[in-house]
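**Q** One-letter residues, chain by chain:
2 protein chains.
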Amino acid sequence: MPAAFPKFRIQIDNSYTMSIQNDLILRTARGEKTERTPVWLMRQAGRILPEYRKVRASVSGFIELCQTPELAAEVTIQPVDLLGVDAAIIFSDILVIPEAMGLPYELVEKKGPFFPNTIQTESDLKNVRTADAESDLGYVLEAIRLTKKELNGRVPLIGFAGAPWTIFSYMIEGGGSKTFSKAKKMLYTQPELSHRLLQMITDSTISYLNAQINAGADMVQVFDSWAGILSPAQYETFALSYIRQICNAINQEVPVTVFAKGAFFAREEISKLNCNTIGLDWNMDIKESRKLAGKKILQGNLDPCALYGSFDEIRKQTKTMLDAFGPDKHIANLGHGLYPDLQPDKVRCFIDTVKEYSTQMRK
Amino acid sequence: MPAAFPKFRIQIDNSYTMSIQNDLILRTARGEKTERTPVWLMRQAGRILPEYRKVRASVSGFIELCQTPELAAEVTIQPVDLLGVDAAIIFSDILVIPEAMGLPYELVEKKGPFFPNTIQTESDLKNVRTADAESDLGYVLEAIRLTKKELNGRVPLIGFAGAPWTIFSYMIEGGGSKTFSKAKKMLYTQPELSHRLLQMITDSTISYLNAQINAGADMVQVFDSWAGILSPAQYETFALSYIRQICNAINQEVPVTVFAKGAFFAREEISKLNCNTIGLDWNMDIKESRKLAGKKILQGNLDPCALYGSFDEIRKQTKTMLDAFGPDKHIANLGHGLYPDLQPDKVRCFIDTVKEYSTQMRK
Chain A
24 MPAAFPKFRI
34 QIDNSYTMSI
44 QNDLILRTAR
54 GEKTERTPVW
64 LMRQAGRILP
74 EYRKVRASVS
84 GFIELCQTPE
94 LAAEVTIQPV
104 DLLGVDAAII
114 FSDILVIPEA
124 MGLPYELVEK
134 KGPFFPNTIQ
144 TESDLKNVRT
154 ADAESDLGYV
164 LEAIRLTKKE
174 LNGRVPLIGF
184 AGAPWTIFSY
194 MIEGGGSKTF
204 SKAKKMLYTQ
214 PELSHRLLQM
224 ITDSTISYLN
234 AQINAGADMV
244 QVFDSWAGIL
254 SPAQYETFAL
264 SYIRQICNAI
274 NQEVPVTVFA
284 KGAFFAREEI
294 SKLNCNTIGL
304 DWNMDIKESR
314 KLAGKKILQG
324 NLDPCALYGS
334 FDEIRKQTKT
344 MLDAFGPDKH
354 IANLGHGLYP
364 DLQPDKVRCF
374 IDTVKEYSTQ
384 MRK
Chain B
24 MPAAFPKFRI
34 QIDNSYTMSI
44 QNDLILRTAR
54 GEKTERTPVW
64 LMRQAGRILP
74 EYRKVRASVS
84 GFIELCQTPE
94 LAAEVTIQPV
104 DLLGVDAAII
114 FSDILVIPEA
124 MGLPYELVEK
134 KGPFFPNTIQ
144 TESDLKNVRT
154 ADAESDLGYV
164 LEAIRLTKKE
174 LNGRVPLIGF
184 AGAPWTIFSY
194 MIEGGGSKTF
204 SKAKKMLYTQ
214 PELSHRLLQM
224 ITDSTISYLN
234 AQINAGADMV
244 QVFDSWAGIL
254 SPAQYETFAL
264 SYIRQICNAI
274 NQEVPVTVFA
284 KGAFFAREEI
294 SKLNCNTIGL
304 DWNMDIKESR
314 KLAGKKILQG
324 NLDPCALYGS
334 FDEIRKQTKT
344 MLDAFGPDKH
354 IANLGHGLYP
364 DLQPDKVRCF
374 IDTVKEYSTQ
384 MRK
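Chain order of the listed sequences is A and B. The C-terminal residue of the first sequence carries number 386 in the working numbering, and the numbering is unbroken. The C-terminal residue of the second sequence carries number 386 in the working numbering, and the numbering is unbroken.
Calculated from the structure, these hints are not laboratory results. Glycine is no exception: its CB is placed at the ideal position from the N, C-alpha and C atoms. Hints are supplied without guarantee of correctness; some may be wrong.
Claimed, not checked - With the C-beta cut set under 7 Å, the calculated list includes, among others, these residues of chain A facing chain B:
1) Ser204
2) Asp326
3) Cys328
Stated by the list, open to error - In silico DSBU-like pairs for lysine-lysine, Cα to Cα no more than 30 Å straight-line:
4) Lys208/A with Lys133/B
5) Lys149/A with Lys201/A
6) Lys369/B with Lys208/A
7) Lys201/B with Lys205/A
8) Lys318/B with Lys314/A
9) Lys208/A with Lys134/B
10) Lys295/B with Lys342/B
11) Lys201/B with Lys134/A
12) Lys201/A with Lys339/B
13) Lys386/B with Lys133/A
14) Lys339/A with Lys201/B
15) Lys134/A with Lys205/B
16) Lys77/B with Lys201/A
17) Lys134/B with Lys205/A
18) Lys342/A with Lys201/B
19) Lys369/B with Lys134/B
20) Lys295/B with Lys314/A
21) Lys314/A with Lys295/A
22) Lys314/A with Lys314/B
23) Lys56/A with Lys77/A
24) Lys314/B with Lys378/B
25) Lys201/B with Lys134/B
26) Lys205/A with Lys378/B
27) Lys342/B with Lys201/A
28) Lys378/A with Lys56/A
29) Lys339/A with Lys133/A
30) Lys318/B with Lys205/A
31) Lys172/B with Lys149/B
32) Lys339/B with Lys369/A
33) Lys208/A with Lys208/B
34) Lys339/B with Lys318/B
35) Lys201/A with Lys134/B
36) Lys369/A with Lys77/A
37) Lys133/A with Lys201/B
38) Lys295/B with Lys339/A
39) Lys295/B with Lys310/A
40) Lys339/A with Lys208/B
From just these sequences and the hints, can you work out the full model?
**A** Written as structure tokens, this is what we have:
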């Protein structure tokens, strides 16, 4: 591993290097001043695109799509061509980690993920193991390698994983929940068991993210989707401490983003992590977050529902957001993933406005 | 209506007045120093009590229970006897308002509320009207009058209503939602229609809360359960402005509490409302909230899941919470409603700890 990572050059598969033509997001994530604000969208590869829905219809389900590297690569690249985003994000699911650890899941139409087996007691822990990315998650790594080849250096590729608390909550609850009271109950009633499982998830995630980087991911993001359900004290003990381990253990030459949805109360602590970028949801005031986040790059944070508005309204809201973030240290995105019924034209309007207006802002 | 409301005396039905023996919560809500911190719990009348489940089993469903004043009064009083709380809260549902406005609902087992008809367009507005509390919600008012008689002045009775944005979201979505994207979409795409419906809900709610006060409610609470789903700008425009109307229009002799779950970003603005008490959820840091809330009384905010812990852990967490709030200007509660599978003994432990420790704190 080279001590100083050569700027603008990305190592793939330890076998060859390739220039990234549009490396705007990498330069921004490293704190450089850039000619405009980079933009990508959470869930940009997905149901809003008819081209995605066509590929999705060719397989039995979402999980099969994730597990078929050629198709995962194809849908990963679609938004680069169709929307003009400044980064691709590998098409996958945060729930591949519990599956690789020994808890398979299904996706139930209109209901979401369902785990037939969950962790409730000490003895259930025997049914799970720390995942080894190369042997357990080879299909994701293969999808990354294929995507890198097909992207051919046009834009960087983002890898990702769920944060340990979020993964833990699915492994206990067995699916989504309004209150996550089963998962939270375990933190209160079985803290040692909780810590053991969280550590296994953390070790699996470190292996997984480093393997994604070795396979070619140019930056990585950790998604703590259910951060906002914990009290500030529990968030520190059961969530942030594990994200901290991940940030410290993964390959430091690749920029890291932490997005803890709803954890407004932890912004100052998150800003002390060994990461480059902090994701904001749409509830978090931009200027206040800037103060709390110190020198970190911020990512976000338009309300996804704003893209239901008229083109004029989208332009207006996007400019207001860009003005609040200012020209530097910002990666434009939404405050959450795209919703499936948003129109591609409206999404493009957001992206185009970011590109045009953020260029103007620098003049 | 008397210009100066006589302290410690409550007017019922304009026909007679009655002393409240334990008026601790009323004195605290009015800013007085008290001998200990008052305590009650959101959803204290409900499934955690076997005595409630017995009454519930005697009728066809939750909605029938709400609509049967004798039974609603009975379950309202149960936690006063069984848990030792310092206030009763009338057993009802925030969704009685959409029903009174012309949108009936059902409660689907394990799924929650379901509205067969919803508001999507201008023409749907013809199907709803501003509710008149006396004619449309007489059963709640009758339950309040019965409860007041049976309470016989032991503790004050709290009335309540949902905040307009929360009620609106159910009327658009037709039920619960993870993202409330339909309701939010309407705010972005049909702001005028949204404001018209929000105004109708607001007018209905003002009529309803004033009628509850006339029927005997000693204080009232406005629940904005889905406050946290809106951006700060939308929260001001589509939520807070209507809560402001309500606070200004209801009978000012009765203390008013506003609980906007998840609206951490609006605490400062909420503290400017014409209300006495601000509810906090468990995500909201107590000392920070104290600074933001100025002179307001605060209510809350232990994580309901903390009551899954051991008795020792519950005592410890409750004391930590009381220390953070300090002895004055605090009404002890949870940061959300009780979950149905919590044990009454654990709930009692929270209540008893509040009573004992807050008495000690004043010595």
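**Q** None of the hints should be skipped; say for each whether it holds.
**A** Here's how the hints hold up against the structure:
no.	hint	result
1	Ser204	5 Å, holds
2	Asp326	5 Å, holds
3	Cys328	4 Å, holds
4	Lys208/A with Lys133/B	19 Å, holds
5	Lys149/A with Lys201/A	28 Å, holds
6	Lys369/B with Lys208/A	13 Å, holds
7	Lys201/B with Lys205/A	18 Å, holds
8	Lys318/B with Lys314/A	26 Å, holds
9	Lys208/A with Lys134/B	21 Å, holds
10	Lys295/B with Lys342/B	29 Å, holds
11	Lys201/B with Lys134/A	11 Å, holds
12	Lys201/A with Lys339/B	27 Å, holds
13	Lys386/B with Lys133/A	56 Å, violated
14	Lys339/A with Lys201/B	27 Å, holds
15	Lys134/A with Lys205/B	17 Å, holds
16	Lys77/B with Lys201/A	26 Å, holds
17	Lys134/B with Lys205/A	17 Å, holds
18	Lys342/A with Lys201/B	28 Å, holds
19	Lys369/B with Lys134/B	27 Å, holds
20	Lys295/B with Lys314/A	24 Å, holds
21	Lys314/A with Lys295/A	13 Å, holds
22	Lys314/A with Lys314/B	18 Å, holds
23	Lys56/A with Lys77/A	39 Å, violated
24	Lys314/B with Lys378/B	25 Å, holds
25	Lys201/B with Lys134/B	12 Å, holds
26	Lys205/A with Lys378/B	29 Å, holds
27	Lys342/B with Lys201/A	28 Å, holds
28	Lys378/A with Lys56/A	15 Å, holds
29	Lys339/A with Lys133/A	33 Å, violated
30	Lys318/B with Lys205/A	37 Å, violated
31	Lys172/B with Lys149/B	39 Å, violated
32	Lys339/B with Lys369/A	51 Å, violated
33	Lys208/A with Lys208/B	34 Å, violated
34	Lys339/B with Lys318/B	27 Å, holds
35	Lys201/A with Lys134/B	11 Å, holds
36	Lys369/A with Lys77/A	20 Å, holds
37	Lys133/A with Lys201/B	11 Å, holds
38	Lys295/B with Lys339/A	29 Å, holds
39	Lys295/B with Lys310/A	22 Å, holds
40	Lys339/A with Lys208/B	16 Å, holds
In terms of the numbered hints stated before, the structure departs from hints 13, 23, 29, 30, 31, 32 and 33, listed from lowest to highest.
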